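Engineer: Okay, here's what each chain looks like letter by letter:
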Amino acid sequence: VLLLGATAPLAACTLFDDGSTAAPTPAPPHPDDLLRDRVVAAEHELIAWYEATAREHPEVAEALGPFRARHERHVDAVAATARVHTPEATATPTTPRPDPSPPSIITAVPVDPAAAVDRLTEFEAAAVEARLADCLAARDGRLATLFASIAACEASHDRLLRAVVP
Amino acid sequence: VSTLAALQAALAGEHACVYGYGLLGAHAADRDLPDVRTAYDTHRARREELAHQVRIRLAEPVAALPAYEVPIEMTDAGSARELAGLLEQRLAVLYADLVTATSVPALREFAAATLVETALLATRWIGTTTALPGLDAVTEEFG
Chain L
1 VLLLGATAPL
11 AACTLFDDGS
21 TAAPTPAPPH
31 PDDLLRDRVV
41 AAEHELIAWY
51 EATAREHPEV
61 AEALGPFRAR
71 HERHVDAVAA
81 TARVHTPEAT
91 ATPTTPRPDP
101 SPPSIITAVP
111 VDPAAAVDRL
121 TEFEAAAVEA
131 RLADCLAARD
141 GRLATLFASI
151 AACEASHDRL
161 LRAVVP
Chain Z
1 VSTLAALQAA
11 LAGEHACVYG
21 YGLLGAHAAD
31 RDLPDVRTAY
41 DTHRARREEL
51 AHQVRIRLAE
61 PVAALPAYEV
71 PIEMTDAGSA
81 RELAGLLEQR
91 LAVLYADLVT
101 ATSVPALREF
111 AAATLVETAL
121 LATRWIGTTT
131 ALPGLDAVTE
141 EFG
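Chains as they are written, first to last, in this note's numbering: chain L, 1 to 166; chain Z, 1 to 143.
None of these hints come from the bench; they were simulated from the model.
Small disclaimer: the values here were computed from a predicted structure and weren't measured.
Where a beta carbon is used, it is the ideal one built from N, C-alpha and C, also for glycine.
Misleading hints may appear alongside valid ones.
To be verified - To list a few chain L residues with every Cβ distance to chain Z over 12 Å, as calculated:
no.	residue
1	A48
2	R55
3	E59
4	A61
5	A138
Stated by the list, open to error - Coverage of chain Z stretches by chain L, computed from C-beta distances (three or more under 8 Å per stretch; other residues unrestricted):
no.	segment
6	62-73
7	106-112
As the list claims (entries may be wrong) - Cβ-Cβ distance ranges computed for the label pairs, FRET-style:
no.	chain 1	residue 1	chain 2	residue 2	range
8	Z	L4	L	G65	37 to 45 Å
9	L	E59	Z	V104	45 to 53 Å
10	Z	P66	L	L136	35 to 43 Å
Sequences are here, hints too, so could you generate the full structure?
Structural biologist: Structure, rendered in structure tokens:
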């Protein structure tokens, strides 16, 4: 049994759920928590793209600064809505959540600065659609509103980036 | 806030916005006029949609006031753009409230899409955006 440690979560349930009332099944994460994690991850990824673009193209770094800063505000705002867990809930072992902030590896910022900024507009446009879908999926009205507001900012980014192109 | 109250607040905001855009035309730059007219028509159409949403909830849509106090003295094309931007930012707050207030999917979708549209127009007039349109404080009041 000890050798099966790697598959612990499933195995543990089977082993301990032997009719005793002891080990409660871990509550599944609230759907809004999953949405929140996903949005934070998406925002971190956008921030990583802005950083990489600014690094590759220092001539646009200053202009991109405010865009990146607004995405950082999005991360903070979403994190601030995190539901308060009761002590009992936090003590319950839960399946490990995906790391909320794994910026994917930036493979290729285009060599041409205009193309690099253009790529940012594509990411912003895609983010608008994703955040609007998240808005509709959110259970909590205030979280839905926050996602809609982030979408509104990102739609504006899509427009404003066109003035950044060198 | 009930969905109905949020709808009525958004409708009242659109009334004020239509009034404001009506004043703008006299001061707007020639190159801004097409966008002023488009925005004016957009806001009038939204008034109709909101009034419809109020009626299907068996209420009487809030009426427009004869006049609204304008918080920015319009003297030139720049102040006209500034007023237009402020109108849109103010409206964005009301649509954000409507997103929060309703759990009806179609209405939430309308409110969210309209929040995006108002933010885009504000950006068009002001040339920049806040991080959280509709949730960031709007410093000046209109209405």
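Engineer: Does the structure break any of the earlier hints, and which numbers would those be?
Structural biologist: Violated: hints 5, 6.
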